[in-house]
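K.L.:
Each chain is listed here by its residues.
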Amino acid sequence: MSSYNVNEMKSNSHRHKDITRLILYYFKKHPLFFGCGFFSIIASSVFSVIIPLMLRDAINVLEQSGKASQLLNYALMIVGLAVASGIFKFLTMELFVVVSRKIEYDLRNEFFSHLESLDQQFYQNNPAGDLVSRATNDIEAIREIFGPGLVGIGAALFMSAFSLILMYRVDPVLTGYSLLLFPLLSLTIFLLGKQVQKRSHIVQRQLGNLSAFVRESLSGIRVIQAFAKENVRIQRFDRLNKQFIDSFMRMARIWELLIPTVFLISGIVLIIILIEGGRRVIDGVITLGAFVAIIYYLRLVIWPLAGLGWVIGTIQRGIASHKRLREILSYQPTVVSPGKADELSGIRGKLEFRNLDFGFESEGKILKDISFKVKPGSKIAIVGPTGCGKSTLLSLIPRIHPVSFGKIFIDNVDINSLDLAQLRASIAFIPQETFLFSESLYENIVLGAQSDVTQERVREIAKVAELFDHRKAFPDGLNTIIGEKGVTLSGGQKQRVAIARALLKDAPVLVIDDAFSAIDSSTEGKILENLSAFWKEKTVIISSTRLSTIKDAKQIIVLDEGGIVETGTHNALMSKDGLYAKMYKKQLLERELEKS
Amino acid sequence: MNQYYHEEEKLDKAYDSRLMKRLLKYLKPYKKYVISAFLLLAIASLLKLAGPYLVKIAIDRYIMAKDYEGLVRISGIFFGLLLLQFVVRYAQTYMMQLTGQMVNYDLRMQIFSHLQRQNLSFFNKNPVGRLLTRVTSDVQVLNELFSSGVVAVFGDFVTLIGIVIVMFSVDWKLSLVTFISVPFLVLATILFRKRVRDSYRKIRLRIARVNAFLQEHISGMKIIQLFAQERKVFNKFDSINASLKDAHIKSVFYYAVFFPVVELIGAVSLALIIFYGGSQLLKGAVTFGVLVAFIQYAEMFYSPIRDLAEKYNILQSAMASSERIFKLLDREPEIVSPKDGVKPEKLKGEIEFKNVWFAYEDENYVLKNLNFKVNPGETIALVGATGAGKTSIINLLFRFYEFQKGNIYIDGIDIRNYDIQALRRQMGLVLQDVFIFSGDVTDNIGLGEEIDDDEVISVSRYVNAEKFIKKMENGYKSRLQESGSNLSEGQKQLLSFARALAFKPRILMLDEATSSVDTETEQLIQEAMHKMSEGRSCLIIAHRLSTIRNADRIIVMHHGEIREEGTHAQLLKKQGIYYRLYQLQYKDEETEVAGNQINK
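If you're matching them up, the sequences are chains B and L in order.
Here the first sequence is numbered in the working numbering, starting from 20 and rising by one per residue.
Here the second sequence is numbered in the working numbering, starting from 1379 and rising by one per residue.
Watch out, some of these pointers could steer you wrong.
[Said to hold, decoys possible] Result set (DSS-like, lysine-lysine): computed pairs, CA atoms no more than 27 angstroms apart in a straight line:
#: 1; chain 1: B; residue 1: K394; chain 2: B; residue 2: K545
#: 2; chain 1: L; residue 1: K1689; chain 2: B; residue 2: K121
#: 3; chain 1: B; residue 1: K545; chain 2: B; residue 2: K573
#: 4; chain 1: L; residue 1: K1623; chain 2: B; residue 2: K48
#: 5; chain 1: B; residue 1: K121; chain 2: L; residue 2: K1610
#: 6; chain 1: L; residue 1: K1572; chain 2: B; residue 2: K121
#: 7; chain 1: L; residue 1: K1399; chain 2: L; residue 2: K1409
#: 8; chain 1: B; residue 1: K557; chain 2: B; residue 2: K570
#: 9; chain 1: L; residue 1: K1600; chain 2: B; residue 2: K359
#: 10; chain 1: B; residue 1: K48; chain 2: L; residue 2: K1614
Calculated directly from the structure, the hints in this document are not laboratory data.
Generate the whole structure from the sequences, applying the supplied hints.
P.N.:
Here is the structure:
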């Protein structure tokens, strides 16, 4: 499945509107599983509820002093019924668990593919840990509705219905007394459930306070330790901790009543049956066998009903989790391909920024009225102090963030009206912060490839990026496995992998976002030299904190606080003695310090 | 694909006696509760056995004898026992919950205190979210072990033994026949346990893979999108996700077979009771009551086995959680106070670095053979580019990190000989990013410690914070929002000044904020900084020209070394690095300030 097309997105939001719709959607999707599943529940219930009848008949035989061979018949019937019921119980479990796991798998795929369509602003607001928890814990909780939840409801429903029908046939009067169970049990579950729910809200709130306090105490640990306030924090935690267990115990006091009460109620009903049933046996209205069978039926009815309390909890948890999942699924991707995308045949790499403004919600503008043009095949540099907006500007070209005020054109076509995949295919981007996956070095580099590449080509590129000048870092060459997020590598090595990855992409536009910052200047020089042959025909936009890197660019654009303040070549800017000149001199001084 | 592996999700043993022993230690303080809970449980389990026996008597003595009054009488006894059972059962579960919560409380306290003692380097490596899980969910999982899992198994055990004893004492021959199927039950359970354990491991491993994959690819989503790899990555995820599904589906088979098999074995027992017991009854060797009682006991005998799987799961997750908790608890902080460490009453405030070398990791030294001295009451401005090592100096003085070589002396005593907390109480710290705790203004100044309101007001007034605090709705009792979003940057700075001075530190360390604030607040801040440095030693990572000029001495750092040292005037005269830095960086500020003054 995939969720890249817009139509499917719409149906997604429809089916996730509420849990009933979701359940119906999956019923329709797996009719055979659910059909056979419910049939199995019915069948196993039917076979189970016949067993007490055999019991009745066997005891009747005994009462009438029948033959032992008749008993054997009933004994064999009981085993036979148990086998039949067992087979359907097996099927019930298999069918429901299998289908619920399939649904879980589907939901998780849907979730992940949705995540793939969301832009970076979403990821800034939603930490990865939280998303992972939704993809695992919450989806598991939803699955429980489809697995144990439906089975529990089905079993309670059919077992009690069938039992009652047969009980009625055994003895209507005693069945009438047994019916007392339903109001008593449901009243108990309802009343206790309401209290538990109320009190567990408080527990959740206390737990929330506790968690928030721990989070704060850990995030602010530097301040706490600097002021030697650990003990103060511990004392306050102690208070919250006590409050939490108090609230928990207040809930447990009610919650723990549930099972003893179920025992009590079923015991009371049993006693009524014992007295009334006994009297009816004494009066000769019913047989002893019928009396025993009714007692047996009581057991069959009680547990599925008592289990309903648990099933309701499962369903409530599932609904809450579905809400959490929906929060994410209802995020509309802000960066999408237009319905009717313009197709360009062979992008040459002409770029134009026209009156571009950009800012995140709630924060101020990061970019203000940016306009400039880049000819195909030319090299342009963007510089400015930290926070001037150069990274944001570059990230708009491949639409990492949505472009909504002002326009960016590539080969005279608005990038918003271009097919997203084509746009991104035409840009090789080397980001400031490299992200490496825990795969082999080779796999990390070929991530960039648009089509199949040869090992030779990868090696060649690795040479351009000076990847192997320190052999030590990659003991197995291209096959070296890179640890989680590249922890085994230095910043410079990671950046070089990122450079190689982008170069392999071989796109007409190359965007370099301060990607040499962790590479020492002599290696940087070498890479730049290697690159000069490589990028001859390409449009290159490069930003750098280190001004020596971009000194030779044909055009340098200087940004400050989101706006263009100066443009020109290095020499022109130096003679202007503005921001660029000041930054350059400062760096010169720092370099001198380094040498001295 | 072994590399998708989480530190958190190592394969866990289903049962580890070493872990269990350690866990049980937490029950020790609540021995009384535990023992009484177990006693109550035993009583409840035995009371449960009374039911079928009473039914037996009712049938044999009264129903068969057509004695209705007797039937009512025995039902009365039954009712009494039922009420007793209700009370005992409730008391028992309540007591066990209470014990579980007490243990939870102790564990949480222990983990939290332990975390508060850890060094900063620990927090750099362990994300807050993960540590939070230890304090909350992992502890919660253990609660289930105490409040239901272990105890319930004991109750089941008592019930089983009780059933066997009662049945044998009623009719040993019929009992033997009934229990013929028990070996099959044992066999089925053993087979099931082994299979389930194996598949549980497989599932854990695959869950870990899904987790790790998600964690990694969500963090790297930007790269995936930039290189238009969505489809390829999705396919990879699909296969990992599918392998988890398959493991689940495979494991359900064992459950789906086991439970019906247990029920079947129970049905066989029932059939045997009817056939053999019935034949005996026909011979007059057994009464109806015995037969009915046996039918009910057999049912009771098999039902606990149905909960087995659930209890097994509780045990397994409890083992995994306790392993993670103990691993955390076993990690001792590297920097601890020495025994009988020096607890200074009032420091003079003399600081000396002697040949200090320091690296955060390995051999990447950020301080290289550092030597300098701060005299009591002196104000030193630290100047230099990012990464010059200024913050590291503060980190070492606060004993946040351990240095590798050399010595640091405070008032002539080696810093390692001080009691860390006592030393820190003599120092004040102002960081660039002010951390605001949830609570009111007073809480944030005193950081939760008891402090006189007058004291808070006077210190706030001293650092020019009083004006804005008073303007807030509830003054000093105004609640501050998380991360202080209802304060401006400048207000946060002033608040942190008050916090730093609240306990009258002898040494003040200050990392000046770089964010720009309005002119008026800037004036307040500069004035406050000037006042704060009076009467105590001060180390300031300086970004403002005014701060630097007011300092007694300026230390110019570069790459972990001191390059120049002296007063503003001396250094300007020298026409060295500082002079050039000044030309580039601070001169504009000077003209700006001058301009502002003229405008006024």
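K.L.:
Provide an ascending list of the numbers of those earlier hints which the structure does not satisfy.
P.N.:
Violated: none.
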